[in-house]
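Visitor: Just so you know, the sequences run in chain order A and B. Each residue of the first sequence is one higher than the last, beginning at 1 in our numbering. Each residue of the second sequence is one higher than the last, beginning at 1001 in our numbering.
What the hints contain is simulated information worked out from the structure, not anything from laboratory work. Fair warning: there could be bad hints in the mix.
[To be verified] Computed, partial: chain A to chain B, Cβ under 10 Å:
id: 1; residue: 23
id: 2; residue: 27
id: 3; residue: 54
id: 4; residue: 60
id: 5; residue: 80
id: 6; residue: 140
id: 7; residue: 143
id: 8; residue: 169
id: 9; residue: 180
id: 10; residue: 183
id: 11; residue: 184
Computed from a prediction, not measured in an experiment: that's the story for all the values here. Even for Gly, the Cβ is constructed at its ideal location relative to N, Cα and C.
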Amino acid sequence: MQQTSDEVLIQRIAGGDRLAMQVLFARHHVRVYRFVLRLVRNESTAEDLISEVFLDVWRQAGRFEGRSAVSTWLLAIARFKALSALRGRKEAELDDEVAEAIEDDSDTPEAAMQKKDTSAILRKCIETLTPDHREIIDLVYYHEKSVEEVAEIVGIPENTVKTRMFYARKKLAESLKAAGIERGWP
Amino acid sequence: MSTTMKNAPEREEIEVLLPWYAAGTLNRRDTARVEQALANDKELARQFEMVREELGETIVVNESLGAPSQRAMKALFEKIDAEPARQPAAVSFNLMSRISEFMASLSPRTLAYAGGVAAIALLLQAGVIGKLVGERTGSFDMASAPVTTSVPRGVETLVRFSPQANAAEISEFLKANNATIIDSSTDGNFRLRIPAKKEQTAEIVKKLGESKVVTLVLPATN
Chain A
1 MQQTSDEVLI
11 QRIAGGDRLA
21 MQVLFARHHV
31 RVYRFVLRLV
41 RNESTAEDLI
51 SEVFLDVWRQ
61 AGRFEGRSAV
71 STWLLAIARF
81 KALSALRGRK
91 EAELDDEVAE
101 AIEDDSDTPE
111 AAMQKKDTSA
121 ILRKCIETLT
131 PDHREIIDLV
141 YYHEKSVEEV
151 AEIVGIPENT
161 VKTRMFYARK
171 KLAESLKAAG
181 IERGWP
Chain B
1001 MSTTMKNAPE
1011 REEIEVLLPW
1021 YAAGTLNRRD
1031 TARVEQALAN
1041 DKELARQFEM
1051 VREELGETIV
1061 VNESLGAPSQ
1071 RAMKALFEKI
1081 DAEPARQPAA
1091 VSFNLMSRIS
1101 EFMASLSPRT
1111 LAYAGGVAAI
1121 ALLLQAGVIG
1131 KLVGERTGSF
1141 DMASAPVTTS
1151 VPRGVETLVR
1161 FSPQANAAEI
1171 SEFLKANNAT
1181 IIDSSTDGNF
1191 RLRIPAKKEQ
1201 TAEIVKKLGE
1211 SKVVTLVLPA
1221 TN
């Protein structure tokens, strides 16, 4: 069965169709939530932000020009909301949350190494990348965004997207090396 | 066959594109470049395996984040209900919106069928015009500049570009084949002219058809 395209849903939302909003929300909210959660590292804040993101969609649907995919538009709004929320927090509060996120109860890369679990080490290294590097890795690998789409979401030139991704991967390789996994690159 | 690419800048460029190739989000031109490089460069192929590992584990990391609670949806619709009422007339009579919705509702098979019928109609039209022109004898001259030498018309073909092909790919395709777009129709077909002898028509049609940028190539009646 063919599903209604995101663009058609947006047109209906622009006309005040609440059901179309429900369909769009059901289709995209989990990915948007995960993208926001990786940025703000707080589940409650992420939930608040996704309702804000979709409320913006409700309000601005009539202005959507379709020059990019709806999912790209959603992630661009989500990123803006997440960064605004992060800026609004007090420094100390933010430091505590970041520390909590890092000091979670799962294995450190070294502990995972002792268990010889290469995949777990790789995941741990991905989680401990800097926010910029983590964001680009997520957008390319998980959200399946092209160079052009990442450039639009993050608001940087396409060449910067490519180099940032390259350095994110390089950093990942260095973290793996520090954890005892030598991949022979870079 | 070499095991590594000799051109370092080209290799670096390909290396940078590997994550997008692994995710399947590269355009056709770059996809072809990466595929060719991977086939000829074992070191690059090894690195591609690393990229695939990273991609797989990034998905696991993200999927392990779970999903938001019902609270998010409830909060959203409470806020929507508190919004001022819309004026539905502004959009419901929007022609483009209706056309877009209608097109989206058509199945790919229906669209392909409609496209095929349109292509045949175009060919018939081209045939009739070609015959009429062919029956005319002699040549015409411009009053201001009499033409004494005839310019070779070349081979003309009808093509339809793939919906996935972007402007850069189409431009590259035209350049690579030394082709010029001389006409287009509203149903998405384009008439191309390639400087060549008419005897080469079949060969040219075959060559153009090998490109992923086009979905249909037919010889056109001159």
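Visitor: Hint by hint, say whether it matches the structure.
Guide: Hints, verified against the model:
no.	hint	verdict
1	23	violated (12 Å)
2	27	violated (12 Å)
3	54	holds (5 Å)
4	60	violated (12 Å)
5	80	violated (17 Å)
6	140	holds (5 Å)
7	143	holds (8 Å)
8	169	holds (7 Å)
9	180	violated (16 Å)
10	183	holds (6 Å)
11	184	holds (8 Å)
Hint check: violations occur at hints 1, 2, 4, 5, 9; the rest are consistent with the structure.
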